[in-house]
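One-letter residues, chain by chain:
2 protein chains.
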Amino acid sequence: MDQGLLIVISGPSGAGKGTICKSLLEKLPDMKVSVSVTTRKPRNQELEGINYFFTTKAAFEEKINHDEFLEYAQVYGNYYGTPKWKVLELINNGKDVILEIDIQGALKVKEKYPEGVFIFILPPSLEELKKRITDRGTESKEDIIRRLDCTYEELSFAFKYDYLVMNDYVENAVSKISAIITAEKSKAIRQIALINKIRED
Amino acid sequence: MDQGLLIVISGPSGAGKGTICKSLLEKLPDMKVSVSVTTRKPRNQELEGINYFFTTKAAFEEKINHDEFLEYAQVYGNYYGTPKWKVLELINNGKDVILEIDIQGALKVKEKYPEGVFIFILPPSLEELKKRITDRGTESKEDIIRRLDCTYEELSFAFKYDYLVMNDYVENAVSKISAIITAEKSKAIRQIALINKIRED
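These protein sequence lines map, in sequence, to chains A and B. Heads up: the first sequence at position 148 corresponds to 147 in numbering that gives the first Met the number 0, and the numbers run straight through without jumps. Heads up: the second sequence at position 178 corresponds to 177 in numbering that gives the first Met the number 0, and the numbers run straight through without jumps.
Because the hints were derived from the structure by calculation, they are not lab data. C-beta: ideal position from N, C-alpha, C; glycine also. Don't take each hint at face value.
[Stated by the list, open to error] Derived Cβ-Cβ restraints for the label pairs, each shown as a range: (1) B:25 - A:76: 29 to 39 Å; (2) A:65 - B:28: 47 to 57 Å; (3) B:111 - A:145: 24 to 34 Å; (4) B:28 - A:193: 25 to 35 Å; (5) B:195 - A:50: 30 to 40 Å.
Input sequences plus hints: build the corresponding full structure.
As structure tokens, this is what we get:
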């Protein structure tokens, strides 16, 4: 059986990673989602193993010491991490796994698992990004300017990724990502078993 | 403007390269075909610049000396070659170019133009390949056995290619190749201009 792929969907905040992942999962229902481990308390209706794996700080830190995360970060005093063992278990069972993550996290994952497929979601323009963040209405003008400065810097990391996909329309972006997944599965390097099978027959 | 891609469709004889290319061109009518240069005489209805560029032996050899071919070979005393200048002209004008070629030729092209997208077309099995060649009815039993031995050896070159696509059904194969082309155009390395544009805006 062929190994599954780890598909890392990343990019600046506001580029539309979440919407794209949701739509991609509808299109490719066999795909699994990487569920994060966190030390923060469950909120209403959050389910263990669906939204997060909830754990204690001590248990999380022990996992850090055992190198059990593809990446982790501390935000407002809580840990969040991508469990390596869960991802590898799925991949080794031939499942494709999708991981939605910010740029800093994605670059850490790339160090630990360079075989992943790293996709950078681009906003169509900084102007459009500004519009999207403003339309959300959750941030002050200063925050929006800071955010855009940050995005400008983040774009320089795009070349550390394998692919860039512009989120002009969600359907376009999702269809490109599907094509990328098909192409990655067709890579010669991923199909050693197939060739050997034909030669043995 | 982005550069076009050189899509090299290659693989063992009988794998179905020709049928795939024909169907791919119907699906992607903007794609251009690389037309070979030859010293052989035109046959009925063959048109200059459509089927081949016809030339003299002396002119061909001068082009060899000026390194003007991506690859060339001599078959039954006639030269056949892939004109580098023609392919690059199309690519530099943003056109994608498809080149259908045998394995030996493809590996030579890869030396001169490693930026190409090298796709190896696999028969579903050696058994199926035997059936296809037998059904053609143009070759003796000995020839068929020799051909299959040759294919068995040729499969070991598959890993020099970027992608392997099994030609189980032409439609499947063509749809995979279309996905590969979309994915290749999404590669970060091919989209430097796009990022710079967003940052400049």
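Outcome of the hint check:
{"no.": "1", "hint": "B:25 - A:76: 29 to 39 Å", "in the structure": "60 Å, violated"}
{"no.": "2", "hint": "A:65 - B:28: 47 to 57 Å", "in the structure": "56 Å, holds"}
{"no.": "3", "hint": "B:111 - A:145: 24 to 34 Å", "in the structure": "49 Å, violated"}
{"no.": "4", "hint": "B:28 - A:193: 25 to 35 Å", "in the structure": "31 Å, holds"}
{"no.": "5", "hint": "B:195 - A:50: 30 to 40 Å", "in the structure": "39 Å, holds"}
Against the hints set out earlier in the document, violations occur for numbers 1 and 3.
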